[in-house]
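Residues per chain, in single letters:
2 protein chains.
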Amino acid sequence: MTDKVGAPAARVVLQQCLQARLQVRPAEDQSEAQFVQIDRGMVIYICFFKGATDDILPKMVSSLLNLRLCESDSGKMASVLELPGSVLIVPQATLGGKAKGRAMQYHNNISKEDGLRLYGAFVSLCEKELTAASADVTVKHGTYGNRQVLKLDTNGPYTHLMDF
Amino acid sequence: MTDKVGAPAARVVLQQCLQARLQVRPAEDQSEAQFVQIDRGMVIYICFFKGATDDILPKMVSSLLNLRLCESDSGKMASVLELPGSVLIVPQATLGGKAKGRAMQYHNNISKEDGLRLYGAFVSLCEKELTAASADVTVKHGTYGNRQVLKLDTNGPYTHLMDF
Numbered sequence: 001m002t003d004k005v006g007a008p009a010a011r012v013v014l015q016q017c018l019q020a021r022l023q024v025r026p027a028e029d030q031s032e033a034q035f036v037q038i039d040r041g042m043v044i045y046i047c048f049f050k051g052a053t054d055d056i057l058p059k060m061v062s063s064l065l066n067l068r069l070c071e072s073d074s075g076k077m078a079s080v081l082e083l084p085g086s087v088l089i090v091p092q093a094t095l096g097g098k099a100k101g102r103a104m105q106y107h108n109n110i111s112k113e114d115g116l117r118l119y120g121a122f123v124s125l126c127e128k129e130l131t132a133a134s135a136d137v138t139v140k141h142g143t144y145g146n147r148q149v150l151k152l153d154t155n156g157p158y159t160h161l162m163d164f
Numbered sequence: 001m002t003d004k005v006g007a008p009a010a011r012v013v014l015q016q017c018l019q020a021r022l023q024v025r026p027a028e029d030q031s032e033a034q035f036v037q038i039d040r041g042m043v044i045y046i047c048f049f050k051g052a053t054d055d056i057l058p059k060m061v062s063s064l065l066n067l068r069l070c071e072s073d074s075g076k077m078a079s080v081l082e083l084p085g086s087v088l089i090v091p092q093a094t095l096g097g098k099a100k101g102r103a104m105q106y107h108n109n110i111s112k113e114d115g116l117r118l119y120g121a122f123v124s125l126c127e128k129e130l131t132a133a134s135a136d137v138t139v140k141h142g143t144y145g146n147r148q149v150l151k152l153d154t155n156g157p158y159t160h161l162m163d164f
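So the protein lines, in turn, are chains A and B.
According to my numbering, the residues represented by the first sequence are 1 to 164, in order.
According to my numbering, the residues represented by the second sequence are 1 to 164, in order.
Be careful, since some hints might not be right.
Claimed, not checked - To be clear about the criterion: a stretch of chain B counts as covered by chain A if any three or more of its residues have a C-beta under 8 angstroms from a C-beta of chain A, and this derived list gives those stretches:
id : segment
1  : 65–73
2  : 92–98
3  : 150–157
Claimed, not checked - According to the in silico footprint, chain B covers these stretches of chain A (three or more CB under 8 angstroms from chain B):
id : segment
4  : 62–74
5  : 102–114
6  : 151–157
To be clear, the hints were calculated from the coordinates, so they are not data collected in a lab.
Ideal Cβ placement from N, Cα and C applies to all residues, glycine included.
Bound conformation, chain A alone:
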């Protein structure tokens, strides 16, 4: 998929986890910080580029959930659907960065409005696919635009990159 000609519409980094915890609301005067958490499964860091449309989402979600990226108990590679494992989705605009001198620029990133919409649709599609497959797993996700305070525990992250 990284062979595709032209600029990608979305970039995803994947890491396997035993447990992952993400802040979804920072602490405020009257309230403590709020977190979501998954146990064994996959963290999906995602960034959309300018020109990305809803058309790409079904294929993206299908690829990400069906690719054999996870190690099963027997040591064989399995998809997160086969495992079955949970999924934590983390919006990560920094993935669209390009170095210019010593600074990073994000000129190709999608607008905040369009990004928020696509991110929401991507999360919904993941939820639909994953919860249809098993009742024991869950999809959690970060809040678009927030700081992604993340804690990750792995038995090997097996970091993968996918451009779509």
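Given the coordinates of chain A, assemble chain B onto it according to the supplied hints.
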């Protein structure tokens, strides 16, 4: 840098951390597992491709350590050298993967022998640059070819991708 024409010689994923711990020797009958750990700084996941040579290392290391990817206490972006922060280097061959059907293939990855040599040289160069800049920071690294059992605590990973 991701604009470069042709296949990349190396791929790097970067994440900022408050603390990161990596297993460098698994537990055995007579011995407990061994770990290395850094506090605030940057995790560098690295993968070399076929054709990579030592020539690329000085530019790589200089870019990675001087790019303003870290958030300083004042909220401004700073390089890991400016922070100053520590560095944890994690060999991550999975970064070279391409999807074929539902499986990942790693045909473009460098041979284990050449990868091990380049990895060692990359680590040495990072150590030289970073420890020359500050006595308070450290470079730790994983063992090439091992399972990279990683625990990561972040205040936002700010995940970046760099191809060289």
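Against the structure, the hints:
Given as covered by chain A, the segment 65–73 of chain B passes the check, having 4 residues with a CB less than 8 angstroms from a CB of that chain where 3 are the minimum. Closer than 8 angstroms: that is the beta-carbon criterion, and the segment 92–98 of chain B has 5 residues meeting it against chain A, so the requirement of 3 holds. Look at the segment 150–157 of chain B against chain A: 8 of its residues bring a Cβ nearer than 8 angstroms to a Cβ of that chain, three or more, so the hint holds. A stretch counts as covered by a chain when three or more of its residues have a beta carbon under 8 angstroms from one of that chain; for the segment 62–74 of chain A and chain B the count is 5, and the coverage holds.
For the segment 102–114 of chain A, the proposed coverage by chain B is satisfied: 3 residues have a C-beta within less than 8 angstroms of a C-beta in that chain, meeting the threshold of three. Under the rule that three or more residues need a Cβ within less than 8 angstroms of chain B, the assignment of the segment 151–157 of chain A holds, with 7 such residues.
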